[in-house]
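Start from the sequences and build out the full structure, keeping to the hints where you can.
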Amino acid sequence: MACCRIGVLETGFSLLEIVMQASRFRWHIVIFLAPAVIVYTAVMIFPLFNTLRLALYTDVDQVRTFVGLDNFNMLFGDPRWSEQFWNALGNNFKFFFIHMLVQNPIGVALAALLSHPRLRFAALYRSAIFIPTILSFVIVGFAWKLILSPIWGIAPSMLDAVGLKSLFAPWLGKEAYALITLSLISVWQFVGIPMMLIYAALLSIPEEILEAGEIDGITGINAFWKIKLPLILPSIGIISILTFVGNFNAFDLIYAAQGALAGPDFSTDILGTFLYRTFFGFQLQLGDPYMGSAVAGTMFAIILVGVCIYLFGIQTRLRRYQL
Amino acid sequence: MSALTLKNVYKAFGDTEVLKDISIEVEQGEFVVFVGPSGCGKSTLLRVIAGLEEATAGEVHIDGKLVNTVPPSKRGIAMVFQSYALYPHLNVANNMSLALKQEGVSKAEIAERVQEASRMLQLDDYLKRFPSELSGGQRQRVAIGRAVVRQPKLFLLDEPLSNLDAALRVSTRLEIASLHKQLDATMIYVTHDQTEAMTLADKIVVLRDGRVEQVGSPMELYNKPANKFVAGFLGSPAMNFLPASLLKDGDTRVIGLRPEYIYLDENGPLSAKVQHVEQLGGDTNVIAMVGEHMVTVRLFGQHAIAPNQQLTLGFDPATLHYFDE
Numbered sequence: 001m002a003c004c005r006i007g008v009l010e011t012g013f014s015l016l017e018i019v020m021q022a023s024r025f026r027w028h029i030v031i032f033l034a035p036a037v038i039v040y041t042a043v044m045i046f047p048l049f050n051t052l053r054l055a056l057y058t059d060v061d062q063v064r065t066f067v068g069l070d071n072f073n074m075l076f077g078d079p080r081w082s083e084q085f086w087n088a089l090g091n092n093f094k095f096f097f098i099h100m101l102v103q104n105p106i107g108v109a110l111a112a113l114l115s116h117p118r119l120r121f122a123a124l125y126r127s128a129i130f131i132p133t134i135l136s137f138v139i140v141g142f143a144w145k146l147i148l149s150p151i152w153g154i155a156p157s158m159l160d161a162v163g164l165k166s167l168f169a170p171w172l173g174k175e176a177y178a179l180i181t182l183s184l185i186s187v188w189q190f191v192g193i194p195m196m197l198i199y200a201a202l203l204s205i206p207e208e209i210l211e212a213g214e215i216d217g218i219t220g221i222n223a224f225w226k227i228k229l230p231l232i233l234p235s236i237g238i239i240s241i242l243t244f245v246g247n248f249n250a251f252d253l254i255y256a257a258q259g260a261l262a263g264p265d266f267s268t269d270i271l272g273t274f275l276y277r278t279f280f281g282f283q284l285q286l287g288d289p290y291m292g293s294a295v296a297g298t299m300f301a302i303i304l305v306g307v308c309i310y311l312f313g314i315q316t317r318l319r320r321y322q323l
Numbered sequence: 001m002s003a004l005t006l007k008n009v010y011k012a013f014g015d016t017e018v019l020k021d022i023s024i025e026v027e028q029g030e031f032v033v034f035v036g037p038s039g040c041g042k043s044t045l046l047r048v049i050a051g052l053e054e055a056t057a058g059e060v061h062i063d064g065k066l067v068n069t070v071p072p073s074k075r076g077i078a079m080v081f082q083s084y085a086l087y088p089h090l091n092v093a094n095n096m097s098l099a100l101k102q103e104g105v106s107k108a109e110i111a112e113r114v115q116e117a118s119r120m121l122q123l124d125d126y127l128k129r130f131p132s133e134l135s136g137g138q139r140q141r142v143a144i145g146r147a148v149v150r151q152p153k154l155f156l157l158d159e160p161l162s163n164l165d166a167a168l169r170v171s172t173r174l175e176i177a178s179l180h181k182q183l184d185a186t187m188i189y190v191t192h193d194q195t196e197a198m199t200l201a202d203k204i205v206v207l208r209d210g211r212v213e214q215v216g217s218p219m220e221l222y223n224k225p226a227n228k229f230v231a232g233f234l235g236s237p238a239m240n241f242l243p244a245s246l247l248k249d250g251d252t253r254v255i256g257l258r259p260e261y262i263y264l265d266e267n268g269p270l271s272a273k274v275q276h277v278e279q280l281g282g283d284t285n286v287i288a289m290v291g292e293h294m295v296t297v298r299l300f301g302q303h304a305i306a307p308n309q310q311l312t313l314g315f316d317p318a319t320l321h322y323f324d325e
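Chains A and B supply the protein sequences, listed in that same order. Note that UniProt numbering has the first sequence beginning at 1, numbered continuously upward. Note that UniProt numbering has the second sequence beginning at 1, numbered continuously upward.
Cross-link-like lysine-lysine pairs, in silico, DSS-like; alpha carbons within 25 Å at most:
#, chain 1, residue 1, chain 2, residue 2
1, B, Lys101, A, Lys226
2, A, Lys226, B, Lys74
3, B, Lys107, A, Lys226
Just so you know, the hints here were simulated from the structure itself, not pulled from any lab data.
Shown next, in the form of structure tokens:
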């Protein structure tokens, strides 16, 4: 009986406490959250929504006028805008696919090589491959312009030295090659990031699992396909989405290497450079903040859709393995 | 023909010699336990047998064939790891069948062998589950099943019970023992736990600092330990060591006396002062001081003995062991 009475007493107390707590507003939560919420709202949320709002207006006789979705209609349908927009969007997808097909497989392969226990100078290779990532776009763009220049670049003379001069073409200057060349330059610059992420993922695979594979006869390339690759798939997913977001926000490299007109003849124009010209204007084109906002809003929507597809369609299906 | 023969095996990592001149013979169907304190090289020895490490010198024969240069998967062995090392991305059935698929065994045969193993290990309900959805004991059984389906000539088990809780450890120990009988397989089992060694082994190999201290059946080792180390390592509570001069002046040897062979005797030769009493219900362990030497006495049943009490202890001289210091 004694124990029961104590039980009742305890329950009584805890109920009372709950009631007391619920009736008191927890100010400390608000106060602790406030700095982050205020700063984030000021620099991210407010500008974002204001830009989206701006896309619904236009300038009529120097008065800001609400026009609904007219800007978007013009962007997608009016040939003056849409031709450039679809060109930039298509180029952007090419830019993205080249990264996915070249940068990420090479990154994974480099990581697999680097994680080989008997590789000597691994730290040296790792740093050397990662260094371009920390360089400025301006330096990278300018350096590659110099390297590939048909007049005073070192690429033609280096090819000449091995007797392959006939292979040289002014890659950055030809419409057919320029976008691919710039994509590969970007791949060269950023291949260190997938490499590092995959390298870390590979190192986190317990040695005993690989040894169990060795006992089961799964070694070398088989071990990579059957054990390591399935275990690093979540990291590859993250790399893909980082590549997607990075590529659809890209601007700097094209601007540094080809200028805002993304020549030759807009063949390297991507959404970033298109946005820049639209918003700020360039040479004879006048800047139009309203159309620019429409382009920015569209870019935001594309990235949002891509990220959502990844988050809800792919990531939920990827099993996070408990290693 | 012996299932495993090690001839003068040495292993060094750089300048550190981990295994020194190990020669062991394991018969077909034997259950051999490598036991020793941590760092004695028992796991390394198992890895040398498995082929995960290369012996620096010496020969490893499995089933009569020299396997020094044979890769692990071709040695006819299967290994159960301490951490289980299950493939996290494969379900239980695929974990067990991966090696067979790699070997190119037919699908029908794989299915049959997996079924057989899962029945033997009571894994039928878990075949579609992933390792992360299993408890420690279930993972352990999957790891054993992965070894069983390969039908190896030699099972290698590396501290397979050390990640289980005490109760599960006892029941899994029994399962391993019955599995050994069912499969009639040769098993080599590494542990630092002398109870596991005593209860499972046909033959125990006691290792210390990379050397074999003694090889023999559990009772041989218990009754006739070759040296003080083996005597102190096997048996729980551990053997008491006292200078022989306590009994006979001028004797420089050390006597070993197992706690279970000491009894209370009013006319006994040893007088002791009780330090601490452990009541286990079935047994009572008395830790007492004989002069400045600590002695553990294991008394059967329950005894009302209190700390600081004076006891006189006796023993049968035939149960004494003598060791040279």
